[in-house]
Amino acid sequence: MNAIISTHSLSKRYGDVYRVNQVNLTVYEGEIYGFLGPNGAGKSTTLKMLLGLAQPTSGRIVVFGQDLRKHRRSILARTGSLIESPSAYQHLTGLENMRVMQRLRGVPEANVMEALRIVRLENQKDKKVAQYSLGMKQRLGIAMALMSFPPLLVLDEPTNGLDPAGIGEIRELIRSLPQRYGMTVLLSSHLLSEIEQVATSVGIISDGQLVFQGSLDELKGRSRSHIALRTQDNEAAARLLGANGMTPQVGGDGYLTLRDGDDAQVARCNRTLVAAGIDVLRIEERRRSLESIFLELTGKESSL
Amino acid sequence: MNALWLELYKLRRKRLALMIALFLAVELAWAYMSLSMSIARNPDNAGWPAALLLVASMNRLFLPILSAVIVSRICDMEHKGQTWKLLMAASVRRSRIYAAKYAAACLLLASAVALQTAGIAAIGLASGFREAVPLMLLIRLAAGTLLTTAAVVALQQWVSLAVKNQAFSLALGMLGSFVGLTAMLFPAPVRLWFIWSYYMDLSPVTYGYASGALSYAHNEFGFQLPLLALAMGAAAYIAGCVHVSRQEI
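Top to bottom, those sequences are chains A and B.
Okay, so the first sequence: first residue is 1 according to my numbering, each after it adds one.
Okay, so the second sequence: first residue is 1001 according to my numbering, each after it adds one.
Calculated directly from the structure, the hints in this document are not laboratory data.
Glycine residues also receive a C-beta, built at the ideal position from the N, C-alpha and C atoms.
Partial selection, computed: residues in chain A whose CB lies under 7 Å from chain B:
1. L51
2. L53
3. A54
4. R73
5. L76
6. A77
7. S81
8. I83
9. S87
10. A88
11. Y89
12. Q90
13. H91
14. R103
15. L104
From the derived model, a few chain B residues whose C-beta atoms are all more than 12 Å from chain A:
16. S1036
17. V1179
18. T1206
Hey, can you work out the whole structure from these sequences and the hints?
Structure follows, in structure tokens:
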């Protein structure tokens, strides 16, 4: 697969603080790449650098196989984007804003109407943007990004301000883009559930560092299961299992846990306890959720 | 041209034409009344030099404020709509937008100066001046006014784009107006450095003192003053463009 975007040791420093630190991000053609991270992790700064809106302190960005510094204009001509809050001229109507972008991008009239239809703004197009709700502004921003149907679409938190129905619509739209228009989508969010439902690949950034990059399946593969046991006397059960070469841990929730417990080990454990006269009340297999993996990787429960 | 067309397109519903018309109407009405009172007191004032000088002196008050308002309206929409990143991400160079905004502001103010010139001719005809309309003097006044305004616009645009809060640029406009009005009290070498004083300095008519009496005289300022105004405008434009282009979005 061709890499559409690749960054090499990309860093951005503001004062003494690295907002983005040595990030090596790779987005392949036809992917929906979910760029995930808590608020303030460095997602928007990274995306701004990818669009040439912020200058990297160090590192290199290659898009469509070309160095961004040398070929910025030709790269941006093939990239649609929505960064941070939606941008639009408040005193103009939705359609007039589209016309401004149409003129800048040099796209035909049909694209304007098609983009408005896709985001379901065709009935609101003659209203001034100042009168739009946040969700409508977000839709307009997406329409402006889509207008030229570019091969690369960069969307920074595109579902911000949308109602649940709108979130569903945008999610479906994003999911359909690679197949319908051959687009590669780089999508950022601080919501794991959002990324989980649309992305094919994931990058997780925390405190400016890319702590995970890979497919969603790889991320799910990190959720190794463990066995939870509840007995009549957990302390005695732990001593007995320890003496038999197992390494149980006594949890605060009234359960003993065994890591990497396969079927044979579970059966042996159960047999040992029953033979020693310790009643086994529960045996459960527990698997960590994606959310707990994300929290472990980022260590930022508070921002979720 | 595409960028200029876009700037003018983006000015829809900004009511700038109405604002220019109102400013000019107030200025010309004031000039007409003032001239009528002056002629009533001294019939020797019934001539084109008085009308031209009166409007030139009023431009010191009106044009810095009108320039500040127009430039602020043109620039503020980018701040309010957070549209810089939209434009940059569409691979538009900031220097190109800067130039288009400058051209749009100058175009609007040039229209205002053209209307004002026609207004002065109308005032003279309404006041019953016996001499024919002095076309050359009017063109020279318009050229001087336009040159000064172009430099003022460059300065205003720098502030309006660099500082989001437009109160600063409007305050600069008012300060310019104040400096313009009081500049005649400054020594000539000091006055040279204040662009707002050029509305009077580049006027083709000035006051002269002959035998202790105030009279009107041709103002022969040569090439030095217009070149200085041009240089100030160019310096403000280049500094502003470089500064704004380097600001992070």
